[in-house]
Each structure stands twice: as structure tokens, then as C-alpha cells.
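There are 2 protein chains.
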Amino acid sequence: MDKVNLAEKLSLFSDHWNPRIVGELNGQHIKLAKFKGPFVWHHHEHEDELFLVVQGTLKIEFRDKTLELQEGEFLIVPKGVEHRPVAEEEVSVLLFEPASTLNTGNEQNRLTRPSLESI
Amino acid sequence: MDKVNLAEKLSLFSDHWNPRIVGELNGQHIKLAKFKGPFVWHHHEHEDELFLVVQGTLKIEFRDKTLELQEGEFLIVPKGVEHRPVAEEEVSVLLFEPASTLNTGNEQNRLTRPSLESI
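Residue numbers (my numbering), protein chains in the order written: chain X, 1 to 119; chain U, 1 to 119.
To be clear, the hints were calculated from the coordinates, so they are not data collected in a lab.
There could be a bad hint or two in this list.
Identical copies go unnamed one by one, so any copy, or any two together, can satisfy a pair.
Below 30 Å or equal to it, Euclidean Cα-Cα: the simulated DSS-like pairs (lysine-lysine) are [to be verified]: (1) 36 with 59; (2) 9 with 65; (3) 9 with 36; (4) 79 with 36; (5) 9 with 79.
With the hints as constraints, model all of the structure from the sequences given.
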């Protein structure tokens, strides 16, 4: 059992759309990721998903609106809701979601990361 | 579905050791709390608990050591592990834990908050 420093963990990787696991509790993962550019439209059949912006600005597009999150803001995307994260500039994000969650949800493509590294 | 600004939510209350619910996903709660002074020694029988410092410094005492968390640092306290949060100065903390989690765990006393307000 030791503490986790978000900035320190974020300094360990630089690639985009490849979340790292930095904590696990109650069957849930705490992940850190860097996003840049547009992701893919997807939804998660069974998992609600939380995005907390650690640094930068993150847009999350929905079919009927777009929400913009700044540092210190989070959004919970309920299961089943189609969304697409978009980052005009690089953004660092903390994710909180069940260990079973696949990053691209129902869409399997080149951005899908079936197994994530723990750092 | 709307975003949550941590600073804005924290401005809505000033009492200590009385967590507010600011989000719910997958049977887990996202809570915000302000701590000041020493809490009580306790453990959670069934729940791991995450403390993420939003502002200030938080010490978490264990029977064999003390960890000090600064802003941007988190700690997961596994179920069953006795701990006591202590804040020499006021600290703002984000908690991730199952909706079933009672703040004082196995100890029922004047600090116990059986039902929490959502803000």
C-alpha cells in the first residue's frame, strides 16, 4: 500500500489513447490516460464511465450536444450512451470504471486496448 | 448528465467530516469532503476506500506507519485495514467507494453519517 502521485505517473508515458492502470479497488480500476485528437464513437453496454480532467481540456461529444471539461471537472457517462472524446490539445485524464471496461466499448478497432499496463 | 466542477461543489459546504455525494456510477459513489483535525480509528469490513487530495495535505495513520498525501495524490486503503485520517490544516478530499460505505466503518459514534446529502 503506497500513495500514487498523478503527475509522476503521467510522466511515465506519452502515447495517446492508451490508458494505464494506476489503482484497483472494489473491482474498479483507476486509470490515467493522455488523449489527443478525436477518438471513436462508442458506448459501453454495461459500464458507466467517469472522466476527470487532470490537465488540459477535454470535449466529450454526444449525439445531441458537446460538453467541455476543464482541469478539476469530471463527467459520468452512463452505460449505453454513445460518446466520442475529442482533445484539440493533449489532455491528461483520470478514468474510474469497472475492471471489465474496454476503452472502445462496443467498437473493436485499431484503438482498442484489450489489456492495459499497470504502472 | 452534466459535468461536475470540484471547486464549485466544495464551495457549497464548509463543515468537516461530512462527505457529500457528487456522483454515482456502477454502484460506487464519488464524494467530496473537508477534513480538519483527527478522525477516529476505523476500518471498513467490505470496502476498499480511495482518498484523492484536491487541496491541502492529508495524513493517513496506520498502526505501523503514517502516509502524507499532497494535492494530486491518492491512496487506496484496502478493506480490513485500520486507519485514521488526520488533517493538521483543512484539506479537501475526493473519495471513491461503494455506495454502501459508512464513513466511520466499523465504529459507530458521533462522527458517523448514516445518510449523506447529494449536492
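Tested hints:
no.	hint	verdict
1	36 with 59	within (11 Å within a copy, 35 Å between copies)
2	9 with 65	between (32 Å within a copy, 23 Å between copies)
3	9 with 36	both (18 Å within a copy, 28 Å between copies)
4	79 with 36	within (23 Å within a copy, 36 Å between copies)
5	9 with 79	both (28 Å within a copy, 24 Å between copies)
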